[in-house]
Amino acid sequence: MGTTVLAVTALVVGAVMVAATVLSAIMTLVVPRAIPVRITRLVFQAIRALFELRGRRAGSFRARDRDMALYGPISLFSLAATWLVLTGVGYMLLFWSLGVRPLREAIELSGSSIYTLGFAVPPNLPTTVLAFSEAGIGLVLLAMLISYLPSMYGSFSRREAAVAALDVRA
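For the sequence shown, the working numbering gives the first residue as 59, with consecutive numbering after it.
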């Protein structure tokens, strides 16, 4: 009885984690207007706090500006890593709830699936379907991020051109 309740709880928590993570990625990378997304905001705030700690030690504005230039790229890659980890943990809970035991095997199956490594073999049809869906989500998350980079760099270039024009006027 206790194991059944735990398995159902793991199934629900895992499904919610995967759905929230995929929704976060879609709302961050695909939706054209700014919509606040909790996961994205938390990652960027955490990275910002780390950069501010480091920036306090900077001797000059130029040194702080040089350090802060890395904030955007590092935050974006941290966001991608966060999405992959959250998706992997969610699927690990789903695999565990479907009977993949011990937990170490559920972790191996999830990691093998999300990174499409294929070294762990699902034991039955439901876990095979989950493994294929996790592999698809992992590839889609990476593809969305890669397709987002050119538009981000285009926006950055336009902003830099506008800043340079203002600098000339000043």
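Rather than coming from a laboratory, the hints here were simulated on the basis of the structure.
Check the hints yourself; a few may be wrong.
[As the list claims (entries may be wrong)] Ranges of calculated distance between the beta carbons of each label pair, as one might list FRET restraints:
no.	residue 1	residue 2	range
1	LEU207	ALA92	17 to 23 Å
2	ASP123	GLY60	25 to 31 Å
3	PHE119	GLY157	55 to 61 Å
4	ALA116	GLU163	44 to 50 Å
5	GLY60	LEU207	43 to 49 Å
6	PRO94	ALA222	28 to 34 Å
7	ARG120	ALA73	45 to 51 Å
8	SER215	GLY176	37 to 43 Å
This structure is a prediction, so every number in the text was calculated from the model and none was measured.
Here a beta-carbon is modelled for each residue, glycine too, at the ideal position from N, C-alpha and C.
Please list, smallest to largest, the hint numbers that this structure does not respect. When the structure is compared with the hints, only number 2 turns out to be violated.
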